[in-house]
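J.: As they're listed, the protein sequences go chains A and B. Read in order, the letters of the first sequence correspond to residues 7 to 612 in the numbering used here. Read in order, the letters of the second sequence correspond to residues -11 to 231 in the numbering used here.
Source of the hints: derived by calculation from the structure; they are not laboratory data. Do not rely on the hints blindly, as some may be mistaken.
Result set (DMTMM-like, lysine to aspartate or glutamate): computed pairs, CA atoms no more than 25 Å apart in a straight line [as the list claims (entries may be wrong)]:
(1) K471/A <-> D530/A
(2) K546/A <-> D182/B
(3) K471/A <-> D410/A
(4) K546/A <-> E151/B
(5) K576/A <-> D605/A
(6) K320/A <-> E359/A
(7) K489/A <-> D433/A
(8) K150/B <-> E359/A
(9) K549/A <-> D148/B
(10) K150/B <-> E37/A
(11) K111/A <-> E77/A
(12) K63/A <-> D182/B
(13) K361/A <-> E138/B
(14) K117/B <-> E359/A
(15) K63/A <-> D102/A
(16) K527/A <-> E151/B
(17) K63/A <-> E119/B
(18) K174/B <-> E51/A
(19) K47/A <-> E151/B
(20) K63/A <-> E66/B
(21) K361/A <-> E66/B
(22) K361/A <-> D148/B
(23) K196/B <-> D148/B
(24) K117/B <-> D336/A
(25) K549/A <-> E119/B
A few chain B residues that don't get close to chain A, going by computed Cβ distances all over 12 Å [what the hints assert, rightly or not]:
(26) G(-2)
(27) P31
(28) E39
(29) E81
(30) N94
(31) S103
(32) R110
(33) I135
(34) R145
(35) I155
(36) V166
(37) E216
Positions of the beta carbon are idealized from the N, C-alpha and C atoms, including for glycine.
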Amino acid sequence: MTWSESKQEKVLAIVSKHEIRQTRLLQILREVQDEFHCVPKNALEIVAAELGLARTKVEGVVQFYSLLSLEQQGRFHILFSDSITDQFQGSRGLMDYLSAKLGVKPGQTRGDGKVSLGFTSCTGLCDQGPAGLVNGHWLSRLNESRIDRIVDLVEREVPVSSWPLEFFHVEDNIQSPGLLLQSPIDQGEALKQLVREGFEEIFMEINRSGLRGRGGAGFETAWKWRFCAEGPEDYSGSSLADKNERFVVCNADEGEPGTFKDRILLNSYAHQVFEGMTVCAGIVGAKQGFLYLRGEYLRLRPQLEAILANRRAKNFLGKSILGRNGFDFDIEIHMGAGAYVCGEESALIESLEGKRGVPRVRPPYPIDRGYLDQPTVVNNVETFAAVAAIAAYGGAWFATQGTDKSKGSKIISISGDCERPGIYEYDFGISIAEILMDCGAENTLAVQVGGPSGGIISGKEYHRKLAFEDLGTGGSFMIFNKKRDVLEIVRNFTHFFAHESCGFCTPCRVGTTLLKNEVDKICDGHATSLDLVGLSSLAKFIKTASHCGLGQSAANPVLGSLSHFPQAYKDRFKDVVFEPGFDLDESLETARRMSARDDPWAHLEQ
Amino acid sequence: MSENTLTIDGKPVHFEDGDTIMEAAIRAGIYIPHLCHDPELKPQGNCKMCEVKVNGRNCSACTFPAAEGQKVLNNIKELNENRRIIVQMLFVEGNHLCPGCEKSGNCKLQAIAYSVGMMEYRFPLIYPKREMDTSHPDILLDRNRCIFCEMCVRAGREVDGKEVFAISGRGIGNHLIVNSPSGLLKDSLLEVTDKAANVCPVGAIIIKRHGFEVPIGQRIYDKKQIAEVSVATEKVLEEKVHG
Ligand SMILES: Cc1cc2nc3c(=O)[nH]c(=O)nc-3n(C[C@H](O)[C@H](O)[C@H](O)COP(=O)(O)O)c2cc1C
Ligand code: SF4
Ligand code: SF4
Ligand code: FES
Ligand code: FES
């Protein structure tokens, strides 16, 4: 089949817009997908040939990211968030409604090529769900009447750019601002301080602040930067360290279901985030930075580009920043394409290089060998926002808040069963009970702190505190009331990990699917107490043997619920010792058809 | 103790600078079970069969750098039980019908399964639908038996200097793809003498027309434990490649 010249031209134009660089492969494929509603085979071949890559490498990338597809999708591609909070708000029922109206099932493209439907892990709108995406753009607060209007727009083929703006309206929803959100810095304030006081002095302020990474692991930010600045090995200040280029990466993948605080920071505090990255670049000596923005946050991109342009115009970015010789730095935005694992810093770097997001072997760590094998700092969005504030207001301003081991404040995103979901910022050390009170949560059965990869806690533990030394969180705080079924939560989370496993290592690739099947068996009432023994040993194995943090936390929902809510499991068990994992009667179906029998004796009861 | 020494299960082992624990072990004639490691290929660390305890922490021996004074535990109950779980996972993930498989007796997965005492699947079979590629005149690709060790992928790139195989998909949906316009092996650059065609530890890549030359029962691992075979063959290769 020959491909029309105009289509070829389009693909070539996309590739050359990205300067025919292999590191831009994922960016190129995203644009191809936008253009054709899939990555057509012909386009794949053109991209491979132009970039000098094997076609298999390109195909491997397409098949890795959920937002790319080899199969033709509809001109309107609608995805619903499958996060547990959306499910509890009725998203599955709404999908059935939409699917019936449009006459196409989730996972399929309608015959006329107009529309396709599907689910996605999380859209970062858990506080204003049920939510979804249409051609990559947020849809918030879905309900039947909104869906009726969407169906009408789709059938009349009204381009998404002309849909009512209210459909895409997303609020910051800041319910309770604290240390950072209450006192944003003036544009350029931190940089002026940096140039005035000197890099070493500001580094000391960051060190004094005790700031630890806000992305989850809580590594000390100052230390990370020092390692990166010093270079791959201890060259004791020799000039070898200077030979390396360095990179600064802002991790805005925010893929943990229930986390949406980076969305607010990027929507309303982006100057401060970029300023924090620039401070970091000055201190570690980086010339190039990247904002790795999750694919689902596409809508934020134009305004972020505008802010970058504005900062360049003010010489907050570019050459000789604020007149300081040699202080050159710029930031590029890279979009993700639907892969939770790309939040893991080494997978993120692979993705930045245009590859499949498979976590690297560590050591070496990114601070030694990161992007293009050069020393790279990866920090969370909130970490950079805090850095800018600390540079402007001083380390002490920050360090006097919080606890001894967890200085400063934490921004959390609250979703689920409460009166006032949204963004809350607290000094570290606040108790779970206080948070629940603030957001108007009643009859709370359980709180999931830190998202699916974090932990579930029950009523007995609401005195516990938010802090690295007690309950750490990247920002996800999901509340479930007593009407909710713990096992449905576990099932949702376990499906999430099976869907998001990169597949590199055996324990996680196979283990997450086995866990999923086992939890399904329990939820569907086919399990017995014997299954529990196997379940917990499987879970422990996955936790200890997996290659990266995804696999290592994939069994947390099972392990946590087994220890906090054992009764939930027992309630589902059958009163027999063994129960097969398949339906005995259904397995006889073929035999019945072949023997043309359907009498009672041709059936088995389970 | 002299410099550059660690211990594996209490036994002192010398290592060269830059060695991984696996490389040091192979040189010293100590067997650490492995499915995705080959001295000639860049270590990748995907199968997790070689997990050992280094000063109490679980690490993949094939990728973890050897260092002075490390106390490595390898042949212990806890780790061997983990290894049994890994083979069981690999068995249920694919479609492995050993009695009808040409690789039986020469297969490393099967051999390790025997050596760690695997007596049952333990997990429900997943029964994936996977494609077979019989197009190549000399080489058969049966994806049903692929364990995603990526040895064929790396061998092509690093030894044969050809881009033939790659992994596509994600998670449990991973699958092996072939670099050719048709996606078929016959249109790829793969030749029967390539390392990529001969490196597969299981029966996913099979050389045609040599089936059953050696009868089942008299094959490599029918006669010897995999530990013995591995030590004997890989030490030579390791010394050839890394000195
Ligand atoms: C599966 C997985 C997903 C992750 N997702 C994110 C994320 O979305 N955002 C983030 O900042 N860190 C994420 N992390 C943590 C990063 O690997 C890394 O520790 C962090 O970006 C470092 O920044 P910080 O020190 O400022 O926290 C994730 C880790 C894992 C294992
Ligand atoms: S590849 Fe190995 S384990 Fe799989 S069927 Fe063949 S002999 Fe058995
Ligand atoms: S075909 Fe064989 S060598 Fe290649 S990845 Fe699969 S199991 Fe490994
Ligand atoms: S597949 Fe990612 S941790 Fe194993
Ligand atoms: S041999 Fe080390 S992970 Fe496979």
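J.: State for each hint whether it applies.
T.: Verification of the hints:
{"no.": "1", "hint": "K471/A <-> D530/A", "verdict": "violated (36 Å)"}
{"no.": "2", "hint": "K546/A <-> D182/B", "verdict": "violated (40 Å)"}
{"no.": "3", "hint": "K471/A <-> D410/A", "verdict": "holds (13 Å)"}
{"no.": "4", "hint": "K546/A <-> E151/B", "verdict": "violated (38 Å)"}
{"no.": "5", "hint": "K576/A <-> D605/A", "verdict": "violated (35 Å)"}
{"no.": "6", "hint": "K320/A <-> E359/A", "verdict": "violated (29 Å)"}
{"no.": "7", "hint": "K489/A <-> D433/A", "verdict": "violated (31 Å)"}
{"no.": "8", "hint": "K150/B <-> E359/A", "verdict": "holds (22 Å)"}
{"no.": "9", "hint": "K549/A <-> D148/B", "verdict": "violated (37 Å)"}
{"no.": "10", "hint": "K150/B <-> E37/A", "verdict": "violated (29 Å)"}
{"no.": "11", "hint": "K111/A <-> E77/A", "verdict": "holds (15 Å)"}
{"no.": "12", "hint": "K63/A <-> D182/B", "verdict": "holds (20 Å)"}
{"no.": "13", "hint": "K361/A <-> E138/B", "verdict": "holds (16 Å)"}
{"no.": "14", "hint": "K117/B <-> E359/A", "verdict": "violated (32 Å)"}
{"no.": "15", "hint": "K63/A <-> D102/A", "verdict": "violated (37 Å)"}
{"no.": "16", "hint": "K527/A <-> E151/B", "verdict": "violated (42 Å)"}
{"no.": "17", "hint": "K63/A <-> E119/B", "verdict": "holds (20 Å)"}
{"no.": "18", "hint": "K174/B <-> E51/A", "verdict": "holds (19 Å)"}
{"no.": "19", "hint": "K47/A <-> E151/B", "verdict": "holds (19 Å)"}
{"no.": "20", "hint": "K63/A <-> E66/B", "verdict": "violated (38 Å)"}
{"no.": "21", "hint": "K361/A <-> E66/B", "verdict": "violated (36 Å)"}
{"no.": "22", "hint": "K361/A <-> D148/B", "verdict": "holds (22 Å)"}
{"no.": "23", "hint": "K196/B <-> D148/B", "verdict": "holds (20 Å)"}
{"no.": "24", "hint": "K117/B <-> D336/A", "verdict": "violated (48 Å)"}
{"no.": "25", "hint": "K549/A <-> E119/B", "verdict": "violated (31 Å)"}
{"no.": "26", "hint": "G(-2)", "verdict": "holds (23 Å)"}
{"no.": "27", "hint": "P31", "verdict": "violated (8 Å)"}
{"no.": "28", "hint": "E39", "verdict": "violated (6 Å)"}
{"no.": "29", "hint": "E81", "verdict": "violated (5 Å)"}
{"no.": "30", "hint": "N94", "verdict": "holds (21 Å)"}
{"no.": "31", "hint": "S103", "verdict": "holds (17 Å)"}
{"no.": "32", "hint": "R110", "verdict": "violated (7 Å)"}
{"no.": "33", "hint": "I135", "verdict": "violated (8 Å)"}
{"no.": "34", "hint": "R145", "verdict": "violated (9 Å)"}
{"no.": "35", "hint": "I155", "verdict": "violated (6 Å)"}
{"no.": "36", "hint": "V166", "verdict": "violated (7 Å)"}
{"no.": "37", "hint": "E216", "verdict": "holds (24 Å)"}
In this structure, the hints that do not hold are numbers 1, 2, 4, 5, 6, 7, 9, 10, 14, 15, 16, 20, 21, 24, 25, 27, 28, 29, 32, 33, 34, 35 and 36, in rising order.
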